[in-house]
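Trainee: If you're matching them up, the sequences are chains Y, V and S in order.
Just so we're aligned, residue 1 is where the first sequence starts under my numbering, counting upward by one.
Just so we're aligned, residue 1 is where the second sequence starts under my numbering, counting upward by one.
Just so we're aligned, residue 1 is where the third sequence starts under my numbering, counting upward by one.
Among these hints, one or two may not hold up.
To be verified - SDA-like mimics (lysine to any residue), calculated; alpha carbons at most 25 Å apart, straight line:
#: 1; chain 1: S; residue 1: K94; chain 2: S; residue 2: T27
#: 2; chain 1: V; residue 1: K130; chain 2: S; residue 2: P309
#: 3; chain 1: V; residue 1: K130; chain 2: V; residue 2: R112
#: 4; chain 1: S; residue 1: K46; chain 2: S; residue 2: K94
#: 5; chain 1: S; residue 1: K94; chain 2: S; residue 2: L69
#: 6; chain 1: S; residue 1: K94; chain 2: S; residue 2: W225
#: 7; chain 1: S; residue 1: K94; chain 2: S; residue 2: L115
#: 8; chain 1: V; residue 1: K130; chain 2: V; residue 2: P143
#: 9; chain 1: S; residue 1: K46; chain 2: S; residue 2: T27
#: 10; chain 1: V; residue 1: K130; chain 2: S; residue 2: K46
#: 11; chain 1: V; residue 1: K130; chain 2: S; residue 2: W306
#: 12; chain 1: S; residue 1: K94; chain 2: Y; residue 2: P192
#: 13; chain 1: S; residue 1: K94; chain 2: S; residue 2: W306
#: 14; chain 1: V; residue 1: K130; chain 2: S; residue 2: K94
#: 15; chain 1: S; residue 1: K94; chain 2: S; residue 2: R268
#: 16; chain 1: V; residue 1: K130; chain 2: S; residue 2: G3
#: 17; chain 1: V; residue 1: K130; chain 2: S; residue 2: F291
#: 18; chain 1: V; residue 1: K130; chain 2: S; residue 2: L232
#: 19; chain 1: V; residue 1: K130; chain 2: S; residue 2: V63
#: 20; chain 1: V; residue 1: K130; chain 2: S; residue 2: W225
As the list claims (entries may be wrong) - What the simulated footprint calls covered on chain V by chain S, stretch by stretch (three residues with Cβ under 8 Å from a Cβ of chain S suffice, anywhere in the stretch; the number is not a length):
#: 21; segment: 102–112
#: 22; segment: 142–149
#: 23; segment: 231–241
To be verified - Some, not all, of what chain S presents toward chain V, calculated at C-beta under 7 Å:
#: 24; residue: R7
#: 25; residue: E101
#: 26; residue: A219
#: 27; residue: G221
#: 28; residue: W225
#: 29; residue: Y230
#: 30; residue: R233
#: 31; residue: T303
#: 32; residue: N304
#: 33; residue: N308
Simulated from the structure, these hints should not be mistaken for lab results.
Each residue gets a CB set at the ideal place from its N, CA and C atoms; glycine is no exception.
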Amino acid sequence: MIRGVIAACGGPGGFVGACLMVLLIGDALGAPWIAPFDPLNVDMLNALSPPDATHLFGTDQSGRDVLSRVIWGGRASLEVSVVAVVIGSCGGVALGLIAGFFSGGWFEQFLMRTLDAMASIPLLIWAVALVGILGVGPVHIAGFTFGNEVKLLALLGLLYIPTLARITYTTALGEAGANYVAARRLQGVSVPRIMLSDVLPNCLSPVIVQATLLLAIGIVIEASVSFVGLGVQPPQPSWGNMLADARNYLFSGEWWLSVFPGACISLSVVAINLLGDGLRDALDPRHSTSALTA
Amino acid sequence: MTEDLLRIDGLHVGFRTGDRTRHVVRGVDLRIRPGEVLGLVGESGSGKSITALAVMRLLPPGAAITSGRVTFRGRNLIEASNHEINLLRGGEIGMIFQDPLTALNPALPIGRQLGDAIRAHQTISWRTAKSRAEELLALVGIPFPAERLRAYPHELSGGMRQRVMIALAVSSNPSLLIADEPTTALDVTVQAQVMELIDRVRREFGIAVLFISHNLELVAEIADRVTVMYAGRVVESAGVEALFETPNHPYTRQLIRCVPRLDGGRGAMPTIPGLPPRVELLPPGCPFAPRCEIAEARCTMEEPPMRWRGEQMAACFLAAS
Amino acid sequence: MAGLLLRRAGFSVLSLLLVSACLFMLTRAIPDSPAWIVLGQDATEKQVMQFEHDHGLDRPVAVQYASWLSGVVLRGDLGRSFITGRDVTGEISKTLPVTLELVVVAFAFACVLSLAAGTAAALARDTIVDYGVRLVAVLGVSVPGFWLALILIMAFAVDREWFPPGGFVPLSGGLAEHIDSIVLPTFCLGIFYMAVLSRMTRSSLLDVLGQDYMRTARATGLAHWRVLIYALRNALVPVVTIAGMSFGYMFGWALIIEAVFNINGLSRALLTAIQQRDFALVQGVVMIFTFVFILANLAADITNAWLNPRMLAASA
Numbered sequence: 001m002i003r004g005v006i007a008a009c010g011g012p013g014g015f016v017g018a019c020l021m022v023l024l025i026g027d028a029l030g031a032p033w034i035a036p037f038d039p040l041n042v043d044m045l046n047a048l049s050p051p052d053a054t055h056l057f058g059t060d061q062s063g064r065d066v067l068s069r070v071i072w073g074g075r076a077s078l079e080v081s082v083v084a085v086v087i088g089s090c091g092g093v094a095l096g097l098i099a100g101f102f103s104g105g106w107f108e109q110f111l112m113r114t115l116d117a118m119a120s121i122p123l124l125i126w127a128v129a130l131v132g133i134l135g136v137g138p139v140h141i142a143g144f145t146f147g148n149e150v151k152l153l154a155l156l157g158l159l160y161i162p163t164l165a166r167i168t169y170t171t172a173l174g175e176a177g178a179n180y181v182a183a184r185r186l187q188g189v190s191v192p193r194i195m196l197s198d199v200l201p202n203c204l205s206p207v208i209v210q211a212t213l214l215l216a217i218g219i220v221i222e223a224s225v226s227f228v229g230l231g232v233q234p235p236q237p238s239w240g241n242m243l244a245d246a247r248n249y250l251f252s253g254e255w256w257l258s259v260f261p262g263a264c265i266s267l268s269v270v271a272i273n274l275l276g277d278g279l280r281d282a283l284d285p286r287h288s289t290s291a292l293t294a
Numbered sequence: 001m002t003e004d005l006l007r008i009d010g011l012h013v014g015f016r017t018g019d020r021t022r023h024v025v026r027g028v029d030l031r032i033r034p035g036e037v038l039g040l041v042g043e044s045g046s047g048k049s050i051t052a053l054a055v056m057r058l059l060p061p062g063a064a065i066t067s068g069r070v071t072f073r074g075r076n077l078i079e080a081s082n083h084e085i086n087l088l089r090g091g092e093i094g095m096i097f098q099d100p101l102t103a104l105n106p107a108l109p110i111g112r113q114l115g116d117a118i119r120a121h122q123t124i125s126w127r128t129a130k131s132r133a134e135e136l137l138a139l140v141g142i143p144f145p146a147e148r149l150r151a152y153p154h155e156l157s158g159g160m161r162q163r164v165m166i167a168l169a170v171s172s173n174p175s176l177l178i179a180d181e182p183t184t185a186l187d188v189t190v191q192a193q194v195m196e197l198i199d200r201v202r203r204e205f206g207i208a209v210l211f212i213s214h215n216l217e218l219v220a221e222i223a224d225r226v227t228v229m230y231a232g233r234v235v236e237s238a239g240v241e242a243l244f245e246t247p248n249h250p251y252t253r254q255l256i257r258c259v260p261r262l263d264g265g266r267g268a269m270p271t272i273p274g275l276p277p278r279v280e281l282l283p284p285g286c287p288f289a290p291r292c293e294i295a296e297a298r299c300t301m302e303e304p305p306m307r308w309r310g311e312q313m314a315a316c317f318l319a320a321s
Numbered sequence: 001m002a003g004l005l006l007r008r009a010g011f012s013v014l015s016l017l018l019v020s021a022c023l024f025m026l027t028r029a030i031p032d033s034p035a036w037i038v039l040g041q042d043a044t045e046k047q048v049m050q051f052e053h054d055h056g057l058d059r060p061v062a063v064q065y066a067s068w069l070s071g072v073v074l075r076g077d078l079g080r081s082f083i084t085g086r087d088v089t090g091e092i093s094k095t096l097p098v099t100l101e102l103v104v105v106a107f108a109f110a111c112v113l114s115l116a117a118g119t120a121a122a123l124a125r126d127t128i129v130d131y132g133v134r135l136v137a138v139l140g141v142s143v144p145g146f147w148l149a150l151i152l153i154m155a156f157a158v159d160r161e162w163f164p165p166g167g168f169v170p171l172s173g174g175l176a177e178h179i180d181s182i183v184l185p186t187f188c189l190g191i192f193y194m195a196v197l198s199r200m201t202r203s204s205l206l207d208v209l210g211q212d213y214m215r216t217a218r219a220t221g222l223a224h225w226r227v228l229i230y231a232l233r234n235a236l237v238p239v240v241t242i243a244g245m246s247f248g249y250m251f252g253w254a255l256i257i258e259a260v261f262n263i264n265g266l267s268r269a270l271l272t273a274i275q276q277r278d279f280a281l282v283q284g285v286v287m288i289f290t291f292v293f294i295l296a297n298l299a300a301d302i303t304n305a306w307l308n309p310r311m312l313a314a315s316a
């Protein structure tokens, strides 16, 4: 049975990635129960103490337990990346399917040109500029208050749409002209149904692979944006803003402030990339050269 | 008797997968004399292309010559250094491949590819190479050769591309041309033109040809002698007329029967029943026995040795005598 | 070739217009007028209206945009900051060269190293060289540049003092000092794309080496180095495309690296502008980023058309 799981993940690399992902998701979901301390609990007496038995990762400049902050930080990072990818996928796949199916129409041209234009700015610049313009601060929707990172996650989701739409569009375009689609049409099946039940499954594998890539990028972007103060706002922990704090202590030797949050970012990215590579091998035996293939 | 130009003795070529080796060429003997055309016939998977690639040491990754000897003009090619083999390739031995579209570099104009090939074997200036390339294009019957030098492979038709390949192969006056299914990827009308070109070129320059094909009729047109391969081994070898008049091996006989004839009656077209065997699952005994019309018990127990009759040989216990 | 270039250029202009329009609308849609920031929260309505009138902010958005656009196209003038009163183009031209140098050096480093590493890995497939390159590539792709920067600063600038921990020393301050100050930042900036490009080069080259035309090249007896050139001409096409995009992306990541190393580049200007709600400057900087990105992609396409003219036929 283990063999079957390893095969499903596309090999040992993918399996390791999947295990790490499970850990990451477990951390995100179970943060309130796993974290030994309250990440916001200030304790100036113990400020800047190195890792020991009680504080496995040490404490930061306000005496807060770094391990707990790292655990909660993972939750924030994953929250932003996952929701962004979900938004991007739903929007992108829908738009791509429509454009691919009704190709030759004005919609296709208009959509593709707009998406190409959107794709002409580096993701990070877009994110920073737009969040910057909107301003930093909590978001109030329907009586609920969310942290600043919601802006980032919404923006990233929107910015993911062009890539995912283009991938879906390319596949859908190819499939829409295929014989089996024509056959279904002759059977009298409505176009939306064909799109959903026949063409969509074929588009999914490249989308899934790209989505995992975007998940990894999302984590790094969230960390970077938080690092410059435009993402998750202190005192809420994020791996990015923890590194921003750590920067002030480079010279005084409190290495644990920089090492642990950054290592977590790296591990998460490795995990997602391994999983993504594995999925690509499992889903698409014919290798297409994507940017992060080996 | 003139010395053989190319001589293959007991060639074995295997693919290594993991810790097992499966042999696709299992003891092939071949001789070509200078200026002679030898047709090598067989179904897909019989090992004929691999044999040819082995001569030039152009085997795909994972494949290797496991035993045997390949001698060209008395020189052992298997033990030759990389440098020596590179001199031979495109020099004394030219090769044309099956699919001219994929066999030519899509990124470079054909004049450049020809020029590079010429200059790989002679130290001449680029200008001289260019005019030689133009001559070659004219030789192979490409109109407007001067302009065509700048063309890219995808701008030419299939027949023209194959002509370019032929030009490439004979660019340094080889004494042996290996043609691996040169017309398989072409339309029938173009096939005839290319066959005619190969024949003309080899006569004009006295080039020996190893002509590989699964198409018996084509081989009959051009070959002086024919060798038939099945499941990695030679099963029959004879002069072309002798082969067609008195085929000795049952496989050859059935092959010849399969060729449709204009004066043959109308009715069901004959085929050879069954499928060619997979190299990993060869049964004991003669590999053709499962599909053979006249197989006996002996045939399924031991592999038949080569039996000679004058210039003809066949690997069959029941070869007609 | 000319037709392709024209089409791409035209399309790029369209993208620039779209992006600038979008940003413009967004900044004008924000309810907080820059007036409040300059004049302070206690300003009277009259003062605010006067401010807005002075800066043309009370005109319809389309008119404002048209006026800004004509300034850019006719005079190369990206407008004037409402907050600082300073000329946006001037601000940018002070900081652009620094960022440009960082990115160019990092890009060169990434390209050269990835070409060498990727080619070596493809040629020595499944040997220790190959595994080594792939391992470094996986690490390079996963480790965020700015974290690497922090670690390297701690290791080499604090503990060992081999390099300065930050700051940018221009050429005028001495060649050795200048190089010292850019080694760590360019390394951290380039390592990610070096990893990506080397993986790309490796897989593309492996693909090409298995193609029929490579067999023909060897069958014609070409020298080994020429066979490699033949392979690279085909293999580099997707790599060049990604490299072009990478140049543009690097401009973005330079933002973070500059923040870590305290370098006064374009990205620093962007962050300050954001802090000060100086949207004119934000607009200008983002436009420059977009322009560079588009230019880099165009350059990549031109290189590809030269490398492999069949692409021209394919994309025409």
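Trainee: Hint by hint, note whether the structure agrees.
Mentor: The hints, checked one at a time:
With a C-alpha separation of about 24 Å, the suggested pair K94 (chain S) and T27 (chain S) falls inside the 25 Å cut-off, and the hint holds. Between the alpha carbons of K130 (chain V) and P309 (chain S) the distance comes to roughly 20 Å, so the proposed pair stays at or under 25 Å and holds. With a C-alpha separation of about 8 Å, the suggested pairing of K130 (chain V) with R112 (chain V) holds against the 25 Å cut-off. The suggested pairing of K46 (chain S) with K94 (chain S) is violated, with an alpha-carbon distance near 36 Å, which exceeds 25 Å.
For the hint pairing K94 (chain S) with L69 (chain S), the CA-to-CA distance comes to about 22 Å; that is within 25 Å, so the pair holds. With a C-alpha separation of about 45 Å, the suggested pair K94 (chain S) and W225 (chain S) falls outside the 25 Å cut-off, and the hint is violated. With a C-alpha separation of about 33 Å, the suggested pairing of K94 (chain S) with L115 (chain S) is violated against the 25 Å cut-off. Note on K130 (chain V) and P143 (chain V): the hinted pairing holds, with a Cα-Cα distance of about 16 Å set against a maximum of 25 Å.
Taking the CA atoms of K46 (chain S) and T27 (chain S), the gap is about 22 Å. The hint holds against a cut of 25 Å. Distance check on the hinted pair: K130 (chain V) and K46 (chain S) sit about 82 Å apart at the alpha-carbon level, beyond 25 Å; violated. Only pairs whose Cα atoms come within 25 Å are accepted, and K130 (chain V) paired with W306 (chain S) is accepted, the gap being roughly 21 Å. A threshold of 25 Å between alpha carbons decides the hint, and for K94 (chain S) with P192 (chain Y) the separation of about 55 Å lies outside it, so the pair is violated.
Annotation: proposed proximity of K94 (chain S) to W306 (chain S) is violated, straight-line Cα distance about 35 Å (limit 25 Å). As the CA atoms of K130 (chain V) and K94 (chain S) are separated by approximately 53 Å, the hinted pair breaks the 25 Å bound. Of the pairs offered as hints, the one joining K94 (chain S) and R268 (chain S) holds, with about 11 Å between alpha carbons and a cut-off of 25 Å not exceeded. The hinted pair formed by K130 (chain V) and G3 (chain S) fails the criterion: a straight-line CA distance of about 30 Å is larger than 25 Å.
About 43 Å separates the Cα atoms of K130 (chain V) and F291 (chain S), which puts this hinted pair outside 25 Å; it is violated. For the hint linking K130 (chain V) to L232 (chain S), the alpha-carbon distance of about 23 Å falls within 25 Å, and the restraint holds. For the proposed pair K130 (chain V) and V63 (chain S), the alpha carbon gap of about 62 Å is over 25 Å, so the pair is violated. Note on K130 (chain V) and W225 (chain S): the hinted pairing holds, with a Cα-Cα distance of about 21 Å set against a maximum of 25 Å.
Coverage of the segment 102–112 of chain V by chain S holds [criterion: at least 3 residues with CB-CB distance below 8 Å; count 7]. Counting residues of the segment 142–149 of chain V whose C-beta sits closer than 8 Å to any C-beta of chain S gives 0, which falls short of three, so the coverage hint is violated. Counting residues of the segment 231–241 of chain V whose CB lies closer than 8 Å to any CB of chain S gives 0, so the stated coverage by that chain is violated, three being the minimum. Because the beta carbon of R7 (chain S) sits about 21 Å from the nearest beta carbon in chain V, more than 7 Å, this interface hint is broken.
The interface hint given for E101 (chain S) is violated, since its Cβ lies 33 Å from the closest Cβ of chain V, which is over the 7 Å cut-off. Below 7 Å, beta-carbon pairs count as interface contacts, and A219 (chain S) has one with chain V at about 5 Å; its hint therefore holds. For G221 (chain S), the interface hint holds, the least distance from its beta-carbon to any beta-carbon of chain V being 3 Å, beneath 7 Å. Annotation: interface hint on W225 (chain S) violated; nearest CB of chain V at approximately 11 Å, more than 7 Å.
The beta carbon of Y230 (chain S) is positioned within 7 Å of a beta carbon in chain V (closest approach about 6 Å), and the interface hint is therefore held. Interface restraint check: R233 (chain S) against chain V, minimum CB-CB distance 5 Å, threshold 7 Å, status holds. Proximity of T303 (chain S) to chain V is violated relative to the hint, the smallest CB-CB distance being about 13 Å (cut-off 7 Å). For N304 (chain S), the interface hint is violated, since its Cβ never comes within 7 Å of a Cβ in chain V; the closest pair sits about 10 Å apart.
Hint status for N308 (chain S): holds, given a least beta-carbon distance of 4 Å to chain V, under 7 Å.
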